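Asker: Chain by chain, the residues run as shown.
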Amino acid sequence: MSGPSTYNPNSGIERWLDARLPLPRLLHDTIHTFPTPKNLNIWYTFGGILAFCLGIQIVTGIVLAMHYVANAGLAFDSVESIMRDVNYGWLIRYMHANGASMFFLAVYIHMFRGVYYGSYKAPRELIWIIGVLIYLLMMATAFFGYVLPWGQMSFWGATVITNLFSAIPVVGQHIATWLWGDFAVGDATLNRFFSLHYLLPFIIAGVVGLHIWALHVPGNNNPLGIDVKGPQDTVPFHPYYTVKDAFYLTLFVILFAVFVFYAPDFFGNPDNYQPANPLVTPPDIVPEWYLLPYYAMLRSIPNKLMGVIVMAGAQVTLVFIPWLDTGRVRSCRFRPLMKQFFWVFAVVCVVLGYCGSQSVDAARFGIPLVWVARIATAYYYAFFWLIMPIVGLIETPKKIPASISQSVLGDSAAAPAE
Amino acid sequence: MAATMSDAGTRRDFLYVASGAVGAVGLTAAAWPFVDQMNPSTAALALASTEVELGAVQPGQQVIVKWRGHPLFVRRRTPAEIEAAKAVDVASLPDPLANNNGLPESAPATDANRATKPEWLILIGVCTHLGCTPTVSTPQMPEGDYGGWLCHCHGSMYDTAGRIRKGPAPRNLEVPPYTFLSDTRVKVG
Chain A
593 MSGPSTYNPN
603 SGIERWLDAR
613 LPLPRLLHDT
623 IHTFPTPKNL
633 NIWYTFGGIL
643 AFCLGIQIVT
653 GIVLAMHYVA
663 NAGLAFDSVE
673 SIMRDVNYGW
683 LIRYMHANGA
693 SMFFLAVYIH
703 MFRGVYYGSY
713 KAPRELIWII
723 GVLIYLLMMA
733 TAFFGYVLPW
743 GQMSFWGATV
753 ITNLFSAIPV
763 VGQHIATWLW
773 GDFAVGDATL
783 NRFFSLHYLL
793 PFIIAGVVGL
803 HIWALHVPGN
813 NNPLGIDVKG
823 PQDTVPFHPY
833 YTVKDAFYLT
843 LFVILFAVFV
853 FYAPDFFGNP
863 DNYQPANPLV
873 TPPDIVPEWY
883 LLPYYAMLRS
893 IPNKLMGVIV
903 MAGAQVTLVF
913 IPWLDTGRVR
923 SCRFRPLMKQ
933 FFWVFAVVCV
943 VLGYCGSQSV
953 DAARFGIPLV
963 WVARIATAYY
973 YAFFWLIMPI
983 VGLIETPKKI
993 PASISQSVLG
1003 DSAAAPAE
Chain B
542 MAATMSDAGT
552 RRDFLYVASG
562 AVGAVGLTAA
572 AWPFVDQMNP
582 STAALALAST
592 EVELGAVQPG
602 QQVIVKWRGH
612 PLFVRRRTPA
622 EIEAAKAVDV
632 ASLPDPLANN
642 NGLPESAPAT
652 DANRATKPEW
662 LILIGVCTHL
672 GCTPTVSTPQ
682 MPEGDYGGWL
692 CHCHGSMYDT
702 AGRIRKGPAP
712 RNLEVPPYTF
722 LSDTRVKVG
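Those protein sequences? They're chains A and B, same order as listed.
For the first sequence, position 406 matches number 998 in this note's numbering, and the numbering has no gaps at all.
For the second sequence, position 162 matches number 703 in this note's numbering, and the numbering has no gaps at all.
Be careful, since some hints might not be right.
Label-pair distances were calculated between CB atoms; the ranges are [what the hints assert, rightly or not]:
# : chain 1 : residue 1 : chain 2 : residue 2 : range
1 : B       : 720       : A       : 795       : 41 to 51 Å
2 : B       : 721       : A       : 766       : 48 to 58 Å
3 : A       : 823       : B       : 559       : 42 to 52 Å
4 : B       : 564       : A       : 618       : 48 to 58 Å
5 : B       : 568       : A       : 963       : 44 to 54 Å
6 : B       : 568       : A       : 677       : 26 to 36 Å
7 : A       : 666       : B       : 558       : 18 to 28 Å
Keep in mind the hints are simulated off the structure, nothing from the lab.
Since we're looking at a predicted model, the values are computed, not measured.
Even glycine gets a Cβ: it sits at the ideal position worked out from N, Cα and C.
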């Protein structure tokens, strides 16, 4: 779909540059004329929104690093000083903290979109796998960042997450000590986490480049999940999708601003406004909302090693989706059975998140939440390892349209010129 | 140049393999400092010991002091708590080993192996699941089902000898090396 370049250097300068560093050609072909299916809906605007989120996090993060001190004795106070003394420090920090939540909100929509429309299916497996890698890097970056304010949740979150590695037989405890640089989470840990928190966003930016590169080989999937048959099925990326992306990005930024200006601590935990205390664990430690489903899985398994394996496995599973889904039709629009399992899966993810947010011995309607989490965890795994392979084999898909153009314009366009 | 040709390969093959091998060893050697710098520094490794004054601790009370960056539980057990701990069948425990640094690794998790002086239970206050600090249970404010500790993070329950009884933690709370300097003073570490 990327096809031969349509770039035509008009001026002498463009011709000179094109023969030496064809950057204008690259931009022209990827964000201007790039042929894009004409039926992309709102859910396809989140790629651009995610690029915006990464940009916001990098810009605000670089500014915060100018005022932050990565030292166990000074970190908490330096964050408070950013909030109170630095000019607009409160705004930049709230943008950064809420920006992380908005980033994850967008990435989850983007991922569910990919599953619903079968965007991981051939020939787009690598786009999906690179995307999963970005998601894992995002979680690592967010975790490192959450430690930096050195509040109670920072400290104990770091303790619990790094202790996950101690579940590995024989070498686990050595790995934990190696991660800490001490025999407990402390100053050495804080310093290295700051270093990595600054590094990883740039790694993410690089991997995003691979994600887009891989995307531009087969081109976008679309809500119908059928291949582009010719130019009548596409429109140029600019102005059609630049404008559409900009419109929905504006709506997204309004939501972002509502949190930053009216509920800046909505996603935060009040315990993190207490300085870290290595001797007292807060009564309820919870991770940030975007990690809660995994946390619920970890807590639902009454065995340390198995809990860690189940939690890590839930993430590793995502890599295999392109081959677990045996269906021949991509989009759930034409998969009546898969569509139902998909929505159950979406609800199960929310239920897992809810279970993870409640205390470990809580019950609702007389049912212990730990059992709800166990059943939900079982469904999570079953969805990928049983339902995806089996439904793909037994399901009879609905009739798929002959082309994108026919679906968009009706039967009058059924016989395109070619 | 027949002298350089043989079944073992040419002089060029040898140089290729040899330089590759030296390069690989060199890269590994060069990488090690970058891995090892993450490990605890010599300052962190300097083993610290701490002395705890026991005179003010009342029966049924626990004090927490910091030792090597971790909380240390010093609990003066009541006779009822000691009896409850002694009454447990060691074979029925999830972790039947004492996990006591002052004893051989294979020592069973009897109450006597967990606390040399029955009245004083001295433990590292780090849940063996994921490292939180468990909350102490008292008759007035029970925590967990076994009268010892409850870890609020993931629900591990410990008994009055600090042994894991229920929940995801795999091992009993660790007993640090300690010696009593007098009846009211103990040195840990």
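Asker: I want to verify a distance hint. Is the separation of the beta carbons of residue 720 (chain B) and residue 795 (chain A) within 41 to 51 Å?
Answerer: With Cβ atoms ~50 Å apart, the hint holds.
Asker: Return holds or violated for the Cβ distance of residue 564 (chain B) and residue 618 (chain A) against the range 48 to 58 Å.
Answerer: 35 Å, violated
Asker: Could you check the hint for me, namely that residue 721 (chain B) and residue 766 (chain A) are 48 to 58 Å apart, CB to CB?
Answerer: Given a distance of about 32 Å, which is not inside 48 to 58 Å, the answer is violated.
Asker: Should the hint that residue 568 (chain B) and residue 677 (chain A) are 26 to 36 Å apart at their CB atoms be regarded as holding?
Answerer: 47 Å, violated
Asker: Determine whether the Cβ-Cβ distance between residue 823 (chain A) and residue 559 (chain B) falls within the hinted range of 42 to 52 Å.
Answerer: 58 Å, violated
Asker: Look at the Cβ atoms of residue 666 (chain A) and residue 558 (chain B) and judge whether their distance stays inside 18 to 28 Å.
Answerer: 53 Å, violated
Asker: Against the range 44 to 54 Å, how does the distance between the Cβ atoms of residue 568 (chain B) and residue 963 (chain A) compare: consistent or not?
Answerer: Given range 44 to 54 Å: holds, Cβ gap about 51 Å.
This entry does not satisfy hints 2, 3, 4, 6 and 7, going by the numbered hints stated previously.
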